[in-house]
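Protein sequences, first through last, are from chains L and E. For the record, in the first sequence the residue sitting at position 42 is 42 according to this note's numbering, with numbers rising by one throughout. For the record, in the second sequence the residue sitting at position 15 is 1015 according to this note's numbering, with numbers rising by one throughout.
Possibly wrong hints are sitting among the right ones.
Quick look at which bits of chain L chain E covers, simulated, 3 or more residues with Cβ under 8 Å [to be verified]:
| # | region |
| --- | --- |
| 1 | 105-114 |
| 2 | 119-128 |
Between beta-carbon pairs, the in silico distance windows are [what the hints assert, rightly or not]:
| # | chain 1 | residue 1 | chain 2 | residue 2 | range |
| --- | --- | --- | --- | --- | --- |
| 3 | E | Tyr1125 | L | Glu301 | 22 to 32 Å |
| 4 | E | Tyr1328 | L | Ile218 | 37 to 47 Å |
| 5 | E | Glu1402 | L | His427 | 24 to 34 Å |
| 6 | E | Glu1402 | L | Ile218 | 39 to 49 Å |
| 7 | L | Thr286 | E | Gly1217 | 41 to 51 Å |
| 8 | E | Glu1297 | L | Thr129 | 34 to 44 Å |
The set of hints was computed from the structure by calculation and includes no laboratory data. No residue lacks a Cβ here, since even glycine has one placed at the ideal position from N, Cα and C.
2 protein chains.
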Amino acid sequence: MAATTKRKDPVIEELRRLLGTRLSTSGAVRDQHGRDESYHTVHAPDAVAFAVSTEEVAEIVKICAHHKKPVIPFGSGTSLEGQVMALHGGICIDTSQMNEILEVNAEDLDCRVQAGVQRLQLNEYLRDTGLFFPIDPGANASIGGMVATRASGTNAVRYGTMRENVLGMTVVLADGRIIRTGGRARKSAAGYDLTRLLVGSEGTLGVITEISLRLYGIPEAISAAVCPFDSLAGAVNTVILTIQSGIPVARIELLDEVQMGAINKYSKMSHPEQPTLFFEFHGSETGVREQAERVGEIAVEYGAKGFDWAIRPEDRSRMWQARYDAYYAAIALRPGAKGWATDVCVPISRLAECILETRRDIDASNLTAPIVGHVGDGNFHITFVIDPDDPEEMMRAEALNERMVMRALAMGGTCTGEHGVGTGKMHFLVAEHGEAVAVMRQIKVALDPDNIMNPGKILRL
Amino acid sequence: MAATTKRKDPVIEELRRLLGTRLSTSGAVRDQHGRDESYHTVHAPDAVAFAVSTEEVAEIVKICAHHKKPVIPFGSGTSLEGQVMALHGGICIDTSQMNEILEVNAEDLDCRVQAGVQRLQLNEYLRDTGLFFPIDPGANASIGGMVATRASGTNAVRYGTMRENVLGMTVVLADGRIIRTGGRARKSAAGYDLTRLLVGSEGTLGVITEISLRLYGIPEAISAAVCPFDSLAGAVNTVILTIQSGIPVARIELLDEVQMGAINKYSKMSHPEQPTLFFEFHGSETGVREQAERVGEIAVEYGAKGFDWAIRPEDRSRMWQARYDAYYAAIALRPGAKGWATDVCVPISRLAECILETRRDIDASNLTAPIVGHVGDGNFHITFVIDPDDPEEMMRAEALNERMVMRALAMGGTCTGEHGVGTGKMHFLVAEHGEAVAVMRQIKVALDPDNIMNPGKILRL
């Protein structure tokens, strides 16, 4: 029956004429595109369209619009709130074949890429120019996906998030129109900031096909260090005073003792299993030295056990690889379990309170849930290592997550620092923004009256 | 006749009941609110409402909405593209009595202010906390006005524009609803970025009544210097290489020889009348020294005649006062003339070409028009010193401005770096953004279907 329906679906027929073998209705391909890296269940699209150009994306969207068929953009599938699930079926537009770096303007510190270009690919390409793109959410996400979820990660404390680093983009709207937003000037007061409206819109307002990005010169000097602490409070208070002192650290990451234990096991390392900060400093030789000294003084005051420095690139890579692997290391703590990465962000003055209360809550809830965080921004995650098929355990995790989000909101924070709303946080969005969510809805309805663009994400209509 | 009409205007009757003497229909007050600092002619509103709270602004807007009467927000009246002109009459909401600094969270480097708080008032208030708000458009603008026009100015090259420095705001929408956008967390992926949509919306989407801002620690060390050059090209190329080298200058301002002559006369100074850069460096003692040395090496290479340093605060103030007075100094070049400050911004690699072509165009057009610029961002202005009653001269200036904007757009730049669109640049907005302007219009119509919010600005409906 399902197969019969599919064969007769006029959208799929039209798309097949347009795309030939670049349209897939195979079960495996559809399943692979119906989930991201989160614990959410698979919701497969009706078909997956592997687009190769902006114009082709526009043609696909026009066909879908004509039949009011949902459109779900897909980059690398590394989102964490179910952003790519085809909740109402529809056509997944996979941008992975749109992976061309279109221009690098070294003298203006910018570039233009297709949406499917991945983060590591871009930095590999840039290496010889002396430039780099700093935004680093950990996963090797596509640039289009990073724009769509307003990604950030470890370097954001110094370089900002995707919000600050997208200069403009090309977008296909719900009716198939192609627009270009922003421009290459470093600032502009020319009209409404559509670029920033689309950054973080999670595919609900359009399909992003090309992006202009800010780039940065690779710093003259880089040094990194791992620093264990007596207590979680000592580590977090070091972060707070570092930020309040205006020291321009490039990265400052917290991993609690549970996470450090997981990393030692997974990455075969021998870090002390204590609350630990990972630092990176960027600047001139003297600037980096000065920053490191100032942070060192603060850390000692809060019970640091000494810095383990990584200066050579290969040592830094090894050190940061352990941080990147934190999520997989956490999941490996319990064979067969799944990971659920939560995500809140609070004003820095409330960070210690928020993390310590959350740690107590985890201990009281009898859950395996290490804490990691981009703490320089006030952003942290707990990774539930859970069995999604155990409803009682899931309920305990959900209740804890809700308490954590409400705690963050009560402190003037946000329900998501960087993972986005997806399907998982729509009710928290209302708790956070109240009547402003109605305005988001008005904008959504104005630009996508038939609700075909990634329906069921961010907003309930 | 006009007086009779006014007496019977039901909107004014209702507003008078609400506001008492805080509603003014006097000709002088209305005229004063019908113009900004630009050359545009006066368009007086029907009345001026001096609001004292967000709730009162909401009441005023509701009354206007009921009668489909235009609403024009007014801060300090220092806009430069006619943003406050009541083109279709209506009620001007003056926020100058909403001038309370509501909270300063020193430990989080943020604050919340009412929209009428002025820039200098805020920094005066902050002085004892060791913090400052860096955005500095020159004029003592209101924070609300600076948000509405996406202001920037001299410090933007280091600290960003209002786009990067507004954390959230309270806004009264066209139907009188009050919403709060953003929050105090340093980053968030929670839904559409309404904050950034409203920054730069020039009163066309709502009346901004409260703003949360990022603050910064006053740098440990500050030094400033004036540096004349042999040639305009040498000065601009020094800027380009400084930015490309990633030197984090806090300010880097260009004034051409015509502007320097005007400043000497107006401010009774004796600078060499040559193309000149004004620099400011912020950082630690060693950081500032390092930056200054690196810039010094670049400048000498491009024909700098030596730095005149200003280290003591009073010397820096005197030096920067001359820069602030540039606009008034230019106007004083020709008694009885008016000023018209143009505004474009280009990618830094094109800056020399754009400025030099524009300088040649000014010389060929026989107009008095000094060049000043926040050149670190690629942003510069020419100030026409003109007689707006001379249509032939105005035509020459308009033609030159159009050529300058088109030149900037052809170079990948923008028609306005910081002054906004207002009434003066609506046609250039279309030239710059094409179909994206239709999307801006869809958003405007969705949020203000009767077009009562500052009609005739940014978009033609």
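Status of the hints after comparison with the structure:
1. Using a Cβ-Cβ cut-off of 8 Å, 5 residues of the region 105-114 of chain L lie near chain E, which meets the minimum of three, so the contact claim holds.
2. Taking a C-beta to C-beta cut-off of 8 Å, the region 119-128 of chain L contributes 0 residues in contact with chain E, too few for the three needed, and the coverage statement is violated.
3. As the Cβ distance of Tyr1125 of chain E to Glu301 of chain L is approximately 31 Å, the hint placing it in 22 to 32 Å holds.
4. Between Tyr1328 of chain E and Ile218 of chain L, the C-beta spacing of about 44 Å keeps the proposed range 37 to 47 Å intact.
5. At about 51 Å, the CB distance of Glu1402 of chain E to His427 of chain L disagrees with the hint of 24 to 34 Å.
6. A beta carbon spacing of about 41 Å between Glu1402 of chain E and Ile218 of chain L agrees with the range 39 to 49 Å that was offered as a hint.
7. Range check, Thr286 of chain L to Gly1217 of chain E: about 20 Å between beta-carbon atoms, so the 41 to 51 Å window is missed.
8. Taking 34 to 44 Å as the suggested C-beta distance range, the pair Glu1297 of chain E and Thr129 of chain L does not conform, at roughly 23 Å.
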